[in-house]
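Asker: Here is how the chains run, residue by residue.
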Amino acid sequence: MSVVDHTAIELPAVRISEADVGDYIALLKPRVMSLVIFTALVGLVIAPGHFHPVLAFTSLLCIAVGAGASGALNMALEGDIDAVMSRTANRPIPRGRITKAEAMAFGMTLAFFSVMTLGILVNWYAGSLLAFTIFFYVVVYTLLLKRRTAQNIVIGGAAGSLPPVVAWVAATGSISVEPLLLFLIIFFWTPPHFWALALFRSDDYARAGVPMLPVVAGPDATRMQILLYTIVLVAIAAAPWPLGYFDFVYGITSLVLGAGMLVLAINVYVSRERSRSLRATRKLFAFSILYLFALFATLLIETVMRTVMPLVG
Amino acid sequence: MDEKREPEQGREPEQGIVLTEAQLRSRRRRSIAIALALGVLVVLFFAVTLVKGPAVLNRPL
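Here the protein sequences line up with chains V and H, keeping their order.
Its first residue numbered 3, the first sequence is counted upward by one per residue in our numbering.
Its first residue numbered 351, the second sequence is counted upward by one per residue in our numbering.
Hints in this document: simulated from the structure, not taken from any laboratory.
Warning: the hint list may mix true and false statements.
[To be verified] If you anchor each label on the Cβ, the simulated ranges turn out as follows:
1. V:Phe134 to H:Ile384: 40 to 46 Å
2. V:Phe134 to H:Val393: 24 to 30 Å
3. V:Val141 to H:Val390: 51 to 57 Å
4. H:Gly389 to V:Ile11: 52 to 58 Å
5. V:His54 to H:Ile384: 42 to 48 Å
6. V:Pro50 to H:Ser381: 25 to 31 Å
7. V:Val141 to H:Val393: 45 to 51 Å
8. V:Gly175 to H:Leu369: 22 to 28 Å
9. V:Arg17 to H:Ala397: 38 to 44 Å
[Unchecked claim] Okay, the calculated bits of chain V under chain H, using three or more residues with CB under 8 Å as the criterion:
10. 133-146
11. 253-265
[As the list claims (entries may be wrong)] Anything over 10 Å on all C-beta distances counts as not near chain V; from chain H, calculated:
12. Gln365
13. Gly389
14. Pro404
Since the structure is predicted, the reported quantities are computational estimates derived from the model, not experimental observations.
Glycine included, every Cβ here is placed at the ideal spot set by N, Cα and C.
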């Protein structure tokens, strides 16, 4: 007779990850990250005063990693939505390459290191703002807004608009009107961009139960909202010129690009027949990416020219 | 991929979980990526220390 009773316990099967580095890179949302890096670079370059290149590189790296962390945490929390949407079904979590817990741990680690590194090596104002940006994207946008309101991407867009502000704060240790203008440009660019996407992916969003504007208010109301936001966007994008922050090169470029956005937004508004509407919204979506990139590239070039020209004579 | 590693000759078969080749390969690649990331972090802290000099301890806020 044994003193100890042995009871067999059925342990759950142990899952050993086969996830590759590429799967983890996909969690960082590299395409979103590239736009974040570019807008943050512009924020750094237009900031006044000398900022050592090593510190500038550190700031950009931390902002990029912070953006990647937000993407990973977002995917960890939205695995169920991603699985039923054709656009996102191929992401690492729906494919079963990475578990939600692994993505969460990965995102939290990156968020911690990006914020701490920016705070310790550059300044704590920038570190705190980066922490707020990650918090806003993950908690306010992903957890609180995305599944509850059609205004999800309007309010949540603030997170995507903050990187140039973080970069400016990293370079200067303070805040000013210029980075706030950059913030507003991205903020008002976000709704037309994402609603154009939501118009031609509305079935996807409806299936996933995400209350995007075309799903809850219909395509016509969305077209009107796209047009209204585009008008405000064009006005705000041109504002740095009359306000005296940038010269006519930027002013003219922003107006030309803005005219392109406006024409495409009007085209979306008037194209109600299905196939025409699909073409119009896809065009607006594609052009909106080019628009933001070109606008910020102009800011970058003009600032570099302004710095280089006096040196050349 | 369910291929299991064969135990080396003259050694007892391993107890517990035996990783497949695919699992071992992906774990190795992940380990290398983590090592590289930590290396970048060390270089970054070293470079900023050189750039800032004694001011590295003088941080606002």
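Asker: Indicate, hint by hint, whether the structure satisfies it.
Answerer: Outcome of the hint check:
{"no.": "1", "hint": "V:Phe134 to H:Ile384: 40 to 46 Å", "verdict": "violated, 27 Å"}
{"no.": "2", "hint": "V:Phe134 to H:Val393: 24 to 30 Å", "verdict": "holds, 28 Å"}
{"no.": "3", "hint": "V:Val141 to H:Val390: 51 to 57 Å", "verdict": "violated, 28 Å"}
{"no.": "4", "hint": "H:Gly389 to V:Ile11: 52 to 58 Å", "verdict": "violated, 42 Å"}
{"no.": "5", "hint": "V:His54 to H:Ile384: 42 to 48 Å", "verdict": "violated, 28 Å"}
{"no.": "6", "hint": "V:Pro50 to H:Ser381: 25 to 31 Å", "verdict": "violated, 44 Å"}
{"no.": "7", "hint": "V:Val141 to H:Val393: 45 to 51 Å", "verdict": "violated, 32 Å"}
{"no.": "8", "hint": "V:Gly175 to H:Leu369: 22 to 28 Å", "verdict": "violated, 49 Å"}
{"no.": "9", "hint": "V:Arg17 to H:Ala397: 38 to 44 Å", "verdict": "holds, 39 Å"}
{"no.": "10", "hint": "133-146", "verdict": "violated (count 0)"}
{"no.": "11", "hint": "253-265", "verdict": "violated (count 0)"}
{"no.": "12", "hint": "Gln365", "verdict": "holds, 14 Å"}
{"no.": "13", "hint": "Gly389", "verdict": "holds, 13 Å"}
{"no.": "14", "hint": "Pro404", "verdict": "holds, 15 Å"}
The earlier numbered hints that this structure contradicts are 1, 3, 4, 5, 6, 7, 8, 10 and 11.
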